[in-house]
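Engineer: Spelled out, the chains give:
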Amino acid sequence: MSVLDMSQMELRELNSTLQAAAKDRKNEAFDITNPRGSHAVAVGLDGPLSVTIKGSTGYYCAGMNKEATVTVEGSTGPGVAENMMSGMVTIEGDASQYAGATGRGGLLNIKGNASSRCGISMKGIDIVVHGNIGHMSAFMAQRGNLVVLGDAGDALGDSLYEARLFVRGKVKSLGADCVEKEMRPEHIAFLKDILEKTGADAKPEEFKRYGSSRKLYNFNIDHADEY
Amino acid sequence: MCGIVGLFLKKDDLRPKLGDMLTDMLITMTERGPDSAGIAIYGDESDGVKITVQSDTPDVDFAGLEDDLSKAAGVGVSVKVVSTHAVIKAPMEAEAALLAAVEAKGLRVMGVGESMEIYKEIGLPKDVAARFGIREMGGSHGIGHTRMATESAVTTQGAHPFSTADDQCLVHNGSLSNHNSMRRKLAKKGVFTKTENDTEVGAAYISSRIAEGASLGEALEGTLKDLDGFFTFVTGTKNGFGVVRDPIACKPAIMAETEDYVAFASEYRAFADLPGIEAARVWEPEPATVYFWER
Numbered sequence: 004m005s006v007l008d009m010s011q012m013e014l015r016e017l018n019s020t021l022q023a024a025a026k027d028r029k030n031e032a033f034d035i036t037n038p039r040g041s042h043a044v045a046v047g048l049d050g051p052l053s054v055t056i057k058g059s060t061g062y063y064c065a066g067m068n069k070e071a072t073v074t075v076e077g078s079t080g081p082g083v084a085e086n087m088m089s090g091m092v093t094i095e096g097d098a099s100q101y102a103g104a105t106g107r108g109g110l111l112n113i114k115g116n117a118s119s120r121c122g123i124s125m126k127g128i129d130i131v132v133h134g135n136i137g138h139m140s141a142f143m144a145q146r147g148n149l150v151v152l153g154d155a156g157d158a159l160g161d162s163l164y165e166a167r168l169f170v171r172g173k174v175k176s177l178g179a180d181c182v183e184k185e186m187r188p189e190h191i192a193f194l195k196d197i198l199e200k201t202g203a204d205a206k207p208e209e210f211k212r213y214g215s216s217r218k219l220y221n222f223n224i225d226h227a228d229e230y
Numbered sequence: 006m007c008g009i010v011g012l013f014l015k016k017d018d019l020r021p022k023l024g025d026m027l028t029d030m031l032i033t034m035t036e037r038g039p040d041s042a043g044i045a046i047y048g049d050e051s052d053g054v055k056i057t058v059q060s061d062t063p064d065v066d067f068a069g070l071e072d073d074l075s076k077a078a079g080v081g082v083s084v085k086v087v088s089t090h091a092v093i094k095a096p097m098e099a100e101a102a103l104l105a106a107v108e109a110k111g112l113r114v115m116g117v118g119e120s121m122e123i124y125k126e127i128g129l130p131k132d133v134a135a136r137f138g139i140r141e142m143g144g145s146h147g148i149g150h151t152r153m154a155t156e157s158a159v160t161t162q163g164a165h166p167f168s169t170a171d172d173q174c175l176v177h178n179g180s181l182s183n184h185n186s187m188r189r190k191l192a193k194k195g196v197f198t199k200t201e202n203d204t205e206v207g208a209a210y211i212s213s214r215i216a217e218g219a220s221l222g223e224a225l226e227g228t229l230k231d232l233d234g235f236f237t238f239v240t241g242t243k244n245g246f247g248v249v250r251d252p253i254a255c256k257p258a259i260m261a262e263t264e265d266y267v268a269f270a271s272e273y274r275a276f277a278d279l280p281g282i283e284a285a286r287v288w289e290p291e292p293a294t295v296y297f298w299e300r
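Protein sequences, first through last, are from chains E and H. First residue of the first sequence? That's 4 in our numbering, and the numbers climb one at a time after it. First residue of the second sequence? That's 6 in our numbering, and the numbers climb one at a time after it.
In case anyone wonders, no lab produced these hints; they're calculated from the structure. Some hints could be false.
Cross-link-like lysine to aspartate or glutamate pairs, in silico, EDC-like; alpha carbons within 20 Å at most [as the list claims (entries may be wrong)]:
#	chain 1	residue 1	chain 2	residue 2
1	E	K211	E	D196
2	H	K230	E	D196
3	E	K175	H	D251
4	E	K114	E	E165
5	E	K57	H	D66
Okay, chain E solo, but in the shape it has when bound (with noise of 0.2 Å):
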C-alpha cells in the first residue's frame, strides 16, 4: 500500500505516478490524502489498480477510468467518472451533477445521492445509487443501467434511447419519450446481480423499470407543418 498526500504532491505529480502504476498492471493499491475538495484526482488510469481516496474530491473525479477500481471515503463535485471505459468506481458519499455522463462501461456505485443529470447521455456504463437522484437525470442516455434505491428527480429519461432505467422510489416525471415498462425475469436477473455486487439493501422486485418508448426515433410527419 503505497499512500499519496496530496498536501505534499502537485495534481499533476499525483495523477503521473497513477498512471505509471496502471500502466504497470502490478495490480497496486494506494491511499490519496488530503485531497480537500481537489479537481480531477485519479483520472485517466488505465489498468487495473486499486485507489483509494480518504476524502471529498471536487470536479471529474476518476475521469475516463479504465479497469482502475477507485473509491472515494467521501462525497464527489460534479462529473465524477465521466466517460469511464470500465472498472469500478465506488462514492461513500453523494456525488454532485452528471456523474457518470457519457460512461461508456465499468460500474459506478454511489452510496448517497446524486444530484442532477446523473447518466446523462450514459453509453453502456451501469450505475448504482443507493439514494436519491436529482433532475434530468439520463437525459439523451444511450445504453447501459441506471439503478436508483431512492427517488428521481423531475423529467427522468429525457429524449431517452436504449439504456434502461430502475427506480425503486418516487420519479417526480418522466422526461419526453420516457415510458413505465414490465419488469422481466432477465431484469430482474440484472438488478438480483447488480444489487448483490454493490451491497445494496434492496430486492429485484421492488423496482419498476423505465425507457424509451422509441417515439422521437423518427420524424413524425404529423408534425412538418409545426417546422
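Got chain E; can you put chain H on it based on the hints?
Structural biologist: Okay, now just chain H, sitting in the frame of chain E:
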C-alpha cells in the same frame, strides 16, 4: 463561471474569525473568477448609518472628507479610509444629506446600512482581501464573490456584491437573459440601477419586492417566476442569509451546516478549512428552492 462564498454564524464565539474564514473561502475560488473580487461583511452595528464609498483617486477624494461631510450634513461624521474605500459613519438622520454629498463629490456608493460594509475591486481575490484587511474583520455573516466577467465590463462597479437597499446585498453566479426588460420594468416603478450589469438587476428586483412588503423569502421566490436565465443567488440582509438556484440549476452550489454556522460555496474546496466540516451536514441546494436563515 464566477465563485460565490457565504458564511452565516449562528453563535457569537466565531465572530472575530469571520473575515479570516471568508477570506480563505474566497481565495480558494480564485480559479472560478480572477477578474475581480468583493465581499460584504455584516460587522458590528453602528449607532447610526455606515456608508461605504469607493474612489479611483482616494488620495485626492478622501483628503479632508470628514470635515467636508460634517459640514454638508451639519452633524459629526467619522471617516475610516481603507485603500480605495472609505466607511463613513454618521447619525441615521444624516443618511440622505450624506448620500447627496458623496455623490456630488463623485464618490461611488458601494453600500449603505447599519451593519453592512462592502469592499470590492478589480484583481485577484487574495490581493483584494489583503488590500482591505478583510482577514482582520469580525462580524455575524458575510458573502463574497470572485468574478469571471460575462455580461458586462470588468470594472469596480461591475464587481459583486451588489447592494440596492440598506443592509441588503447579493452575489450571483450565472447570467440573466431578461435583465434589460426587467431593468425597464423596475425603472417604471422608480427603481434605478447604476450599471449595465445583469446581477444588479437581480439585486434591485429583490430590494424592490422587499420595499413593497415581501419577506426576503417571498422576494427570492419571486426571482424564480420573474427572472429568466441561469442563476445561483446568495443574498444577505441585516439579520439573514438566503440562497436560491434557478430551476435548471446548472451552476454549481454546495452548502454546509453545523451548530455553529451555515456556509455556502460554489465548490466543496472552499469548505475544506472550516471548523468541524468533517461532521457538518453537507448538501446541494435543490433547484427552484429557497433556503433562508435568520437570527
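Engineer: Quickly compare the C-alpha distance for K114(E) and E165(E) to 20 Å and report which way the hint goes.
Structural biologist: violated (25 Å)
Engineer: Holds or violated: are the alpha carbons of K230(H) and D196(E) at most 20 Å from each other?
Structural biologist: Violated: K230(H) and D196(E) sit about 45 Å apart, past 20 Å.
Engineer: Just to be careful, I want the Cα atoms of K175(E) and D251(H) compared with a cutoff of 20 Å; is the pair within it?
Structural biologist: Holds: K175(E) and D251(H) sit about 18 Å apart, inside 20 Å.
Engineer: Just to be careful, I want the Cα atoms of K57(E) and D66(H) compared with a cutoff of 20 Å; is the pair within it?
Structural biologist: violated (53 Å)
Engineer: Under the criterion that the straight-line Cα-Cα distance not exceed 20 Å, is the pair K211(E), D196(E) satisfied?
Structural biologist: holds (16 Å)
Hint compliance for this structure: hints 2, 4 and 5 are broken, all remaining hints hold.
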